[in-house]
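S.K.: Residue numbers (the numbering used here), protein chains in the order written: chain V, 543 to 1430; chain W, -7 to 162.
Among the hints, a few may not be true.
[As the list claims (entries may be wrong)] Calculated lysine to any residue pairs in the SDA-like style (CA-CA distance at most 20 Å, straight line):
#	chain 1	residue 1	chain 2	residue 2
1	W	K54	V	K849
2	V	K720	W	V50
3	V	K953	W	Y66
4	V	K953	W	G20
5	V	K720	W	V22
6	V	K965	W	L52
7	V	K970	W	V50
8	V	K965	W	A16
9	V	K720	W	A16
10	V	K1379	V	P734
11	V	K720	W	E39
12	V	K970	W	Q27
13	V	K1379	V	V1406
14	V	K965	W	R7
15	V	K970	W	L52
16	W	K54	V	G1362
17	V	K953	V	R568
18	V	K970	W	Y35
19	V	K970	W	Q30
20	V	K720	W	Q30
21	V	K659	W	D4
22	W	K54	V	S694
23	V	K953	W	P51
24	V	K955	W	P51
25	V	K970	W	A16
26	V	K720	W	L52
27	V	K720	W	Q27
28	V	K970	W	E68
29	V	K720	W	Y35
30	V	K1379	V	T688
[As the list claims (entries may be wrong)] Interface residues of chain V toward chain W, partial, derived using beta-carbon atoms under 7 Å:
#	residue
31	K565
32	R568
33	S714
34	I716
35	G717
36	F718
37	S719
38	K720
39	P730
40	M731
For the record, the hints were derived by calculation from the structure and aren't laboratory data. Since this is a predicted model, take the numbers as computed values, not measurements. Ideal Cβ positions, reconstructed from N, Cα and C, are used throughout, including at glycine.
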Amino acid sequence: MTTATKVGTITVTINGETIGVPKGTRIIQAAQLLGIEIPTFCYHPRMRPQAACRICTVEVVKPMNKMFMACATEIMDGMEVLTDSPRTLADRRTNLDLLLTQHPLDCPVCDKGGECKLQDYSVKYGSSENPFETKRKDYPEDIRSTVLDFNSNRCILCGACIQVCSDIQQLSAIGFSKRGFITVVGAPMGEPLDCEFCGQCMDVCPVGAITSRFSKYKFRPWQEEKTQTTCTYCGCGCQYNLRTMDGEVSRVTPIEGVGPGQGSLCVRGHFGFHFMEDAQRLTKPLVRRGDKLVEAGWDEALAEAAKGLAAAKAAKGGAGIAGIAGGRLANEDLYLFGRLMRNALESPNFDSTLRYGYINAATIMHKALGVTGMMNSFDDLRRADAVLLVGSDITQEAPICGLAVKDGITKRKMPVFTVDSMKTEIMKLGAGRLVITPGSEVAAIKGLVKAVVDEGLIDAGVAAKYPAAVAAIKKEMAGTYKEIETPTGATKADLVAMARAFANADKGIILAGPRVMGGLKGASALAMLIDLAFLTGNLKPGAGVNPLTGENNELGLVLAGAAPELLPGGLPWSDGAARARVEQAWNCALPEFPGNSLTDLFDGMREGRIGAAYIAGTDPVRSLPAELNVAASLDALDFLVVQDLFLTGTALRADVVFPAQSYAERDGTFTNMEGRVQRIRQAMKAPGKARPDWQIFSAVARELEVPLEYAGTDEIRAEAAGLIPQFAALDVTNAGHGVDVTAALEAYLAGAYLKTMDDRYDLPAVLNTASPHETRLYLADSLFHSGQMSTHNWGLMKIDPADELVMNPREARKLQIAEGDKVRVTSLLGSAVVPVKLSSHANPGTVLFPKHCAQSHVRDLMGVVVGSREEGSVPQFRFERVTVEKVH
Amino acid sequence: MTTNTAKDEALDLTRACELAEEEAGTAGPVIRVLQKVQAHYGYIPPEFLPEMAEILEVPLAKIFGALTFYSQFYTEPRGKYVVRICVGTACHVQGSKDILDRLKGDIGVEAGGTTPDMMFTLEPVACIGSCGLAPLCLINTETAAHQTPALMVEKIAAIREKESASVAEE
C-alpha cells in the first residue's frame, strides 16, 4: 500500500492506493485523482450524477461489502473500493451484454466508430459470447432537423444528452418519451428538433445516437488532425479542436474542462466552420482599373497601396488618412495596424468597430476602475451570490458567458435579475425581471441606484469609508420615481424589490450588455452601474461590473488602442506619460492631437479632409445604415485600401483589396471579454494567395519605407507586451491577473469621480419622438449569426436564414399576420418588405430584426443619432419607430 | 370523471388554460395539471401542451415525457363510459379474461378501443388493488365486484338503454 496523500479530511483506498479527499467527494472523483479509470456513459464531470447507466459500478469492501455506483456514491472515511475485482468486471460485462442485446452492430458506418465508449468498453470489459437473446430496435433515423440526426436504435438511454440540455443549456429541447424498451429520446410531440443547436447533446452522447449532418460520413476519428484554437465568433473566446481530414475541416469538437466554456460550445462555434472554405473567399489581391477590380500580384498591389497612401499623406498630411479596424483581426494584427497608422502614416485617425458601443466600456472602466474588460471571470459568475444583467440577451449575444450564469442557476439557485427591453431566454430562468420600454435603460439603471439610496441599502462599510462620494450620488437622486416610471414602464415597487434583492447578496456581479454601452448615454449608463456596484459594496474580488463584448476580439481592439482616444494598452490618449512610452518604444513622435471618430471620419471623407482610408476586417457599408452615407463617403475618397476575407460592400469600393487569411489558417492570439489572451493556430492552408493580416500591414510599411519587420506573431506580441502588459501571459483572465480594484477606486474617488457627476444622471431625451410611427423596431443580435463570417457558412444559413422580422404572436394575430407572411416595414426613411416570424421574444409594440442581416435593407430604415464625445460618439441606430402592415 | 364527448366541435381550451394557470408557480405542477385537464376533457388534447408549457414555464419536452410515461394519461378522446376490466393475477384466476373477450364482442372494440359513437372505451388494467372482489370491473368510477361475462353484458345493455332514452327525451 502506498502512503496516503493528504489533501482533504477523509481517506479512501482504491485498489490499494490511499488518498485523502474533502468530504462530499464521490468515488469517481477520487479515482480520477489517483489516475484510476472507471468507465462511464451517463456521468459528466460538469453535471450532477444520474447513476442511470450503471457501468461505473465498483465493489466497496469496507465499511460494508456491496456494489456501488462510483459516479454517485460519496466517500465515507476509511472506505475501501475495488474497481477491477472479479465481481466488478463480471457486473460490467453483464451490463455490456445487456446493452448489446439492443445496440446495433453498425459500427462500420457509424461516425462514432473509433471514439465510441460502448465500442471501447466492449473491447476492454466485454465478452464475445452474449448469453442473452438479442432484440434490436428498428426505428427510422430522424433526419428532419437541420443539423442533428437522431438514431434511436443506437441509443443506450443513458440520458446524458437530456441532462446537458436541461442542466447546462437549460433549454430541455429534448426528452424521453414513452417508457421501458420503447423509450426514445427526441424533441417532444414527435416534431422535428428545432432548438439552439449547440450540439452539446451530440458531444456527450457516448455512442453514435446523435450525429451531425454537416460531418456525417466525412471523417474517421483516427485519420483526423486536430488543432486547438480559439473561436472567432464572439468575445467568449471558447477553445475547441478544429479537426481536418485531408486539409478540409471535418468538424469542431469541444475540449472538456478547458478555456472559458469549460467544454461547452454554441451553434456558431460548433457548426459555423464552413466559411473558411467558402467559394467566395478572396484568393488574390485586387486592384482597380477603371470601374473594375482586377486580380493582381502581391508586389503590384502592395506598391499601389503604398503609393496611394503616400500620395494622400503628401497632399493632406497624416490626418488626411483614416484607418478603421474590425474585431475579426488578431491582437498582433491590430497592434501592427495601429503602428502602421500612427507611426508609419503619422495619422491620428485610427478608429474601429469599438465605436458601435464598446468604446464606452473601454474608457469608463479604465477611468473609474483601471480595468480593461471584465472585472470578473466566467468562473466568478458561476460562483456569484447574485447577478444583475442589464441590456443584454446574453444567451444569444455571448452564449457561453450565458452558460456560466446558467451554471450558477442550476447548481446553486443563484438569483439572476434582468433589466431589458426584450423578453429574453435568461429572464425565464431568473429571479426577477424588469421588461422596460426600448431605449430606457439609462432611466431604469438610475431607478435602481435611486432605490438603493432611498431604501437605505447602501453598504455600511462604503458609507463609512467614502462619505463624500456617497453624498455626491445621493444628491443626484433628489428627483421623483415618476420621472423613472414614465419612460421605463417599470414601477417603483419593481425597482425597489430588485435593488433590495441585489443589494442583499454578498457577492453581486453586474453584467452590462450592448444596450447599456451602445446607447446615447452609454458612458453614463455604465458609470451608473459602477455607482450601483460601489454603493452595494460590490467593487471587490469575486464581485464587480462587467461590460460584455460583441465581436470576438473587441478587447483586442481596446488593448491595441484602436480608437483615436486610446493608446496601446487601452490607456487614454490624454495620458502624457503613456504617450511618451509609446513614442519611445516606436521611436517616433505620435500625432499631436486625438483624431476623429468613425462618423466624423465619414463626414471628413465627403468634405475632402480625408483623402485615403485603410479598412481591415470590417464592412461599414453593410453594417451601418444608409443615413450615415458610408458608401458615398468612401466613393469621395481619393484612395481606399480594404483588407478582408470576402469581397464586401466596402471592398467593392476599394482601389486595392488585400485577401486576408482566416483565424484557421494562421497563428496569433485573440483577447476574450474576460481579458484572456488565447492562441489561434494554423489548422489548414489558406485559399490562393491570401496572407495573414499582420504580414500585409508589415509589407505595406516596408513599401512606405518604415520597416515593421517580424518573424512571426510571437515576436510582435513580445514587442507589444512592452506597452500592453496583458500580452505577456497567455490564458489569464483579468481576475486572474489580480486587478486591484480597491486601489483603482481610491484613486478615482480622489480625483475624477465627483467632477464628472454633473450630467451623469440627467436622463436622455426619448428617441425619435418626431416620428408618427408607433411600433418600435430594434436591431437585435442573433444566436446563429454575427455577420460577414457567419453568413458565409452554408451550414448556419441552413439552420437560420435569418432575414425575418420577429413579431409578438398575439399582436400579429390582431393584425391578421401569420408566420411567413410578408410585411412592409415603414419608417420616416423609407420602407422594406420582409417575411415575419412569430415569437414571444418580441414584446407587444416591439418588432425585432437581426442586426447582422444586410440583405433586406431594414437597416436602412434606421435613423441615426450620434452621441456626444463624452458619451463615446456612438452612432445610435438600433432603435427606430416604424409601422408594420401586411402585404397582400 | 366528467366526460366531454363532443369530438367534432372545435375544442375550447379555455378551461384547460385556467387549470394550468391555477397551478402555475407551484412545485411540480405537471402531473396535477395533466390529471385535472384529463378529468375535465376526458383526455389531454395534444394541442394544449404547448400552451401548458408556456403558462407553467416548464419545457414542453418535460411535459411530453411525463405524459407519455404514465399509462393513466390519454391523448385521444375516450368514451363517455370507460369500462375497465382488471386482468391482474387474482382477477385472471377468477376468469377476467372471459369477461374481456365477451365485452370485446359485445361492445365491438378491441382492448383499449373506443366505439365510434364515443360511448364506450374498453380497457384492460393490470390491477385495481381490490383482489378480494375479483373478478373486478370499473365503469368510470363505479366498481362492479365478482363479475361474470353475463353480468357485465347486462350492465352495458342497461347503459345503452338509459342513453337511448335520454336521446329520445331530447
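S.K.: Hint by hint, note whether the structure agrees.
M.R.: Okay, the hints, checked on the actual structure:
Straight-line distance between C-alpha atoms of K54 (chain W) and K849 (chain V) comes to about 66 Å, which puts the hinted pair past the 20 Å bound. Taken as a hint, the K720 (chain V) and V50 (chain W) pair is honoured in the structure, with Cα atoms around 18 Å apart against an allowance of 20 Å. Restraint check for K953 (chain V) and Y66 (chain W): the C-alpha separation of about 35 Å exceeds 20 Å, so the hint is violated. Annotation: proposed proximity of K953 (chain V) to G20 (chain W) holds, straight-line Cα distance about 19 Å (limit 20 Å).
With a C-alpha separation of about 16 Å, the suggested pairing of K720 (chain V) with V22 (chain W) holds against the 20 Å cut-off. Taken as a hint, the K965 (chain V) and L52 (chain W) pair is honoured in the structure, with Cα atoms around 19 Å apart against an allowance of 20 Å. Taken as a hint, the K970 (chain V) and V50 (chain W) pair is honoured in the structure, with Cα atoms around 10 Å apart against an allowance of 20 Å. Between the alpha carbons of K965 (chain V) and A16 (chain W) the distance comes to roughly 19 Å, so the proposed pair stays at or under 20 Å and holds.
With a CA separation close to 25 Å, the supplied pair K720 (chain V) and A16 (chain W) exceeds the 20 Å bound. Restraint check for K1379 (chain V) and P734 (chain V): the C-alpha separation of about 18 Å stays at or below 20 Å, so the hint holds. Between K720 (chain V) and E39 (chain W), the direct Cα distance comes to roughly 18 Å. Compliance with the 20 Å bound is thereby established for this hinted pair. Of the supplied pair hints, the one linking K970 (chain V) and Q27 (chain W) is violated, its CA atoms being roughly 25 Å apart against a limit of 20 Å.
Of the pairs offered as hints, the one joining K1379 (chain V) and V1406 (chain V) is violated, with about 26 Å between alpha carbons and a cut-off of 20 Å exceeded. The hinted pair formed by K965 (chain V) and R7 (chain W) fails the criterion: a straight-line CA distance of about 27 Å is larger than 20 Å. Restraint check for K970 (chain V) and L52 (chain W): satisfied, since their Cα atoms lie roughly 14 Å apart, inside the 20 Å limit. For a cut-off of 20 Å, the pair hint linking K54 (chain W) to G1362 (chain V) is broken: about 29 Å separates their Cα positions.
Restraint check for K953 (chain V) and R568 (chain V): the C-alpha separation of about 17 Å stays at or below 20 Å, so the hint holds. Restraint check for K970 (chain V) and Y35 (chain W): the C-alpha separation of about 29 Å exceeds 20 Å, so the hint is violated. Distance restraint check for K970 (chain V) and Q30 (chain W): the Cα-Cα separation of roughly 27 Å exceeds the 20 Å cut-off, and the hinted pair is therefore not satisfied. Restraint check for K720 (chain V) and Q30 (chain W): satisfied, since their Cα atoms lie roughly 18 Å apart, inside the 20 Å limit.
Of the supplied pair hints, the one linking K659 (chain V) and D4 (chain W) is violated, its CA atoms being roughly 49 Å apart against a limit of 20 Å. A C-alpha spacing of about 18 Å is found between K54 (chain W) and S694 (chain V), which places the hinted pair at or below 20 Å, so the restraint holds. A distance of roughly 18 Å separates the Cα atoms of K953 (chain V) and P51 (chain W); the hinted pair therefore holds under the 20 Å criterion. About 18 Å separates the Cα atoms of K955 (chain V) and P51 (chain W), which keeps this hinted pair within 20 Å; it holds.
About 13 Å separates the Cα atoms of K970 (chain V) and A16 (chain W), which keeps this hinted pair within 20 Å; it holds. For the hint pairing K720 (chain V) with L52 (chain W), the CA-to-CA distance comes to about 14 Å; that is within 20 Å, so the pair holds. A threshold of 20 Å between alpha carbons decides the hint, and for K720 (chain V) with Q27 (chain W) the separation of about 17 Å falls inside it, so the pair holds. At roughly 31 Å between alpha-carbon atoms, K970 (chain V) and E68 (chain W) are farther apart than 20 Å, so this suggested pair is violated.
Proposed proximity of K720 (chain V) and Y35 (chain W) is supported: the alpha carbons are some 17 Å apart, at most 20 Å. In summary, the hint linking K1379 (chain V) to T688 (chain V) is supported, as the alpha carbons are separated by about 18 Å, within the 20 Å threshold. At a threshold of 7 Å, the smallest CB-CB gap from K565 (chain V) to chain W is about 29 Å, leaving the interface hint violated. Interface hint status for R568 (chain V): violated, as the beta-carbon distance to the closest one in chain W is roughly 26 Å, over 7 Å.
Here the hint on S714 (chain V) is kept, as its CB sits about 3 Å from the closest CB of chain W, short of 7 Å. Among the interface hints, the one on I716 (chain V) holds; its C-beta lies about 6 Å from the nearest C-beta in chain W, closer than the 7 Å criterion. The closest approach between the C-beta of G717 (chain V) and any C-beta of chain W is roughly 3 Å, which is under the 7 Å cut-off, so the hint is satisfied. At a threshold of 7 Å, the smallest CB-CB gap from F718 (chain V) to chain W is about 5 Å, leaving the interface hint in force.
Interface restraint check for S719 (chain V): the shortest CB-CB distance to chain W comes to about 4 Å, inside 7 Å, so the restraint holds. A distance limit of 7 Å between C-beta atoms decides the matter here; for K720 (chain V) the minimum to chain W is near 5 Å, and the interface restraint holds. With 7 Å as the threshold, the beta carbon of P730 (chain V) comes within range of chain W, its nearest partner Cβ sitting at about 3 Å, so the hint holds. A cut of 7 Å between beta carbons decides the hint on M731 (chain V): the least distance to chain W is about 6 Å, and the hint holds.
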